[in-house]
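Peer 1: What follows is the residue order along each chain.
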Amino acid sequence: MPVINADLRVTANDLIAEETWTLRFHSPELAAQLRPGQFLNILTSANVDPLLRRPYSISNVVGDECEIMYSLVGKGTHALSQKIPGDTIGVLGPLGNTFGYEKSFGTAIIIAGGIGVAPFPFLTRELQQREIPLITFLGARNSARVVSRGLANLHVATDDGSEGFHGNVIAALSAYLDDHRVENPMIFACGPNPMLKAAQAFALDRGIACELSLESEMACGIGICQGCPVERHQGERKFALVCTEGPCFDSNDILFQEQQHA
Amino acid sequence: MNTTFTLGTMHLKNRVLVASGTFGYGNEAAPYTDLSRLGGIVTKSVSWLPRQGNAPTRIAETTAGMLNSIGLANVGIDAFISDKLPFLRALETSIIVNIAASSIDEYVDVMERLESEEGIQGYEINVSCPNVKEGGLNFGTRCDMTESITRELRKRTSRTLIIKLTPNVTHIGDFARACEAEGADAVSLINTLVGMAVNIHTRRPVLSTITGGLSGPAIKPVALAKVFEVHKAVSIPIIGIGGITTWQDAIEFLLVGASAIQVGTASFRDPDAAAKIAAGMEEYCAAHGVSDIQELVGGLRIPEGVAAPGFVKTR
Chain Z
14 MPVINADLRV
24 TANDLIAEET
34 WTLRFHSPEL
44 AAQLRPGQFL
54 NILTSANVDP
64 LLRRPYSISN
74 VVGDECEIMY
84 SLVGKGTHAL
94 SQKIPGDTIG
104 VLGPLGNTFG
114 YEKSFGTAII
124 IAGGIGVAPF
134 PFLTRELQQR
144 EIPLITFLGA
154 RNSARVVSRG
164 LANLHVATDD
174 GSEGFHGNVI
184 AALSAYLDDH
194 RVENPMIFAC
204 GPNPMLKAAQ
214 AFALDRGIAC
224 ELSLESEMAC
234 GIGICQGCPV
244 ERHQGERKFA
254 LVCTEGPCFD
264 SNDILFQEQQ
274 HA
Chain L
7 MNTTFTLGTM
17 HLKNRVLVAS
27 GTFGYGNEAA
37 PYTDLSRLGG
47 IVTKSVSWLP
57 RQGNAPTRIA
67 ETTAGMLNSI
77 GLANVGIDAF
87 ISDKLPFLRA
97 LETSIIVNIA
107 ASSIDEYVDV
117 MERLESEEGI
127 QGYEINVSCP
137 NVKEGGLNFG
147 TRCDMTESIT
157 RELRKRTSRT
167 LIIKLTPNVT
177 HIGDFARACE
187 AEGADAVSLI
197 NTLVGMAVNI
207 HTRRPVLSTI
217 TGGLSGPAIK
227 PVALAKVFEV
237 HKAVSIPIIG
247 IGGITTWQDA
257 IEFLLVGASA
267 IQVGTASFRD
277 PDAAAKIAAG
287 MEEYCAAHGV
297 SDIQELVGGL
307 RIPEGVAAPG
317 FVKTR
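Line order of the protein sequences matches chains Z and L. With the first letter of the first sequence counted as 1, position 183 gets the number 196 in the numbering used here; the numbers rise by one all the way through. With the first letter of the second sequence counted as 1, position 93 gets the number 99 in the numbering used here; the numbers rise by one all the way through.
In case anyone wonders, no lab produced these hints; they're calculated from the structure. Take these hints with a grain of salt, some might be off.
As the list claims (entries may be wrong) - A few chain L residues facing chain Z, derived, Cβ under 7 Å:
| no. | residue |
| --- | --- |
| 1 | Ala35 |
| 2 | Pro37 |
| 3 | Gln58 |
| 4 | Thr63 |
| 5 | Ile65 |
| 6 | Glu67 |
| 7 | Thr69 |
| 8 | Ala70 |
| 9 | Gly222 |
Ideal Cβ placement from N, Cα and C applies to all residues, glycine included.
Only chain Z is shown next, with the shape it has when bound in the complex:
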């Protein structure tokens, strides 16, 4: 399959929750080859400020259109939010590995925190097509930021208690597992590093297989800038690159340093 490095046409760009958007663009080539967990490196402007592309998880594929989800953070996402149908964005991809949805497990436990929900509508669809049971735990700051579209069997946790479980998403999962029997589970988690670190510790403690989808500062997305290292737990090499060796990692392979969740 050919890699894509092209200006592609935006078909939709919608505010779907507080400061949270989905953007769709037309690309039959990418739609045909993207898989859950992969990402795209997107350039919003021909101007050199912002200079660099931004990595976005692919959140879904609908027909010939691909969708990303983003929250307003800085000038890159602000520029993205200004796009209207007919505008173009520079898209490089597909990039990175996929979630391990082909591994052997009974039930998928999805853990999403904040905009870390982005890759899960696509994964949910894949799991449903494979008839794999799934439970989703979604953490958000408050009710206004809950993005439930494309998810299934959803349990919400909010920091302020305005919807669902009052507290963090790992505590919500822990409470659930105390009351329910889940056969041969596997965790798929994406969110801020403190949440991923908690998911990692929880999975280790409960003996549950766990994959983490990591975010990192990134320039090129293709392994040439060496700008997105994540520390490895063991092995000859100290670091792995999020862009080419991830973004999905076995949680046992990753070491979270204090600095990474500052």
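Using the hints, position chain L against chain Z.
Peer 2: Same frame as chain Z, now just chain L:
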């Protein structure tokens, strides 16, 4: 139209190279560009032993630029020769291996290992990395060290020898002169400028190493002035580097005195950027009746009676 360029014993098909550390070992970008359209590839720095590089955070975007502190992460000389060189050697473009080291002996050892390998046309010597504790900038900011390294390496190779200079000095022309005197075939400049970014929410430096190297369009005016300064100081060719993102940028560098250019950070935005720049330069020459791109080198028109700035020492 002639776009070729002979630099020492190396024949480049055009004036556009990709800069060290911004293009890996060629294989990573291969799916996204036609490598045969490049004048040459300057590899990621190679040191004697593998280097793991610095802890995250390694990069930070700044206004029209970026800071990096990679820390010369590289596979080491053995893995470079066994795993990376076979791919590079098969390409229809010139291969320049960038060498980093923390002692003169290490530079010599790495070069001597590479001398027995086919498919390498030249070396670029990194005496100017701002992000490692030993070597790097310590060499590049001392004229006597730059001189010694050039002398020791020149003795040991007939391949093209390029010394990559740092802008983090008072008179870059003095360093270029030292390289020329010791037999370097060319100097390349500029490496990154030392810079810094701060997170006001955590009140911490953004980069794990506090400071890093600034690159991208933000540094282009500085790079042009440094190339201009060095062009007045030496007669060996200059390879211009610093924020080149478009073919127009590249032409500017030729006019102030660069014989060739390197595309760096722009490749992170678009892995096809260097090939596009090469094509754009050819179109410019065709449109302006330039039959040999060499006509542009140093072709800056300074109005009569305007003197060069005081810090520029003419040879």
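Peer 1: All hints, please: hold or fail.
Peer 2: Hints versus structure:
Checking Ala35 of chain L against chain Z: minimum C-beta separation of about 6 Å stays under 7 Å; hint holds. Hint status for Pro37 of chain L relative to chain Z: holds, with the closest Cβ pair at about 5 Å, below 7 Å. Taking 7 Å as the C-beta contact cut-off toward chain Z, the hint placing Gln58 of chain L at the interface holds, the least distance being around 4 Å. The criterion of a C-beta within 7 Å of any C-beta in chain Z is met by Thr63 of chain L, whose closest approach is roughly 6 Å, and the hint holds.
Restraint check, Ile65 of chain L versus chain Z: the minimum CB separation of about 4 Å is within 7 Å; hint holds. Hint status for Glu67 of chain L: holds, given a least beta-carbon distance of 5 Å to chain Z, under 7 Å. Taking 7 Å as the C-beta contact cut-off toward chain Z, the hint placing Thr69 of chain L at the interface holds, the least distance being around 6 Å. Interface hint status for Ala70 of chain L: upheld, as the beta-carbon distance to the closest one in chain Z is roughly 5 Å, under 7 Å.
About 5 Å separates the beta-carbon of Gly222 of chain L from the nearest beta-carbon of chain Z, less than 7 Å, and the hint is met.
Consistency note: the structure conflicts with none of the earlier hints.
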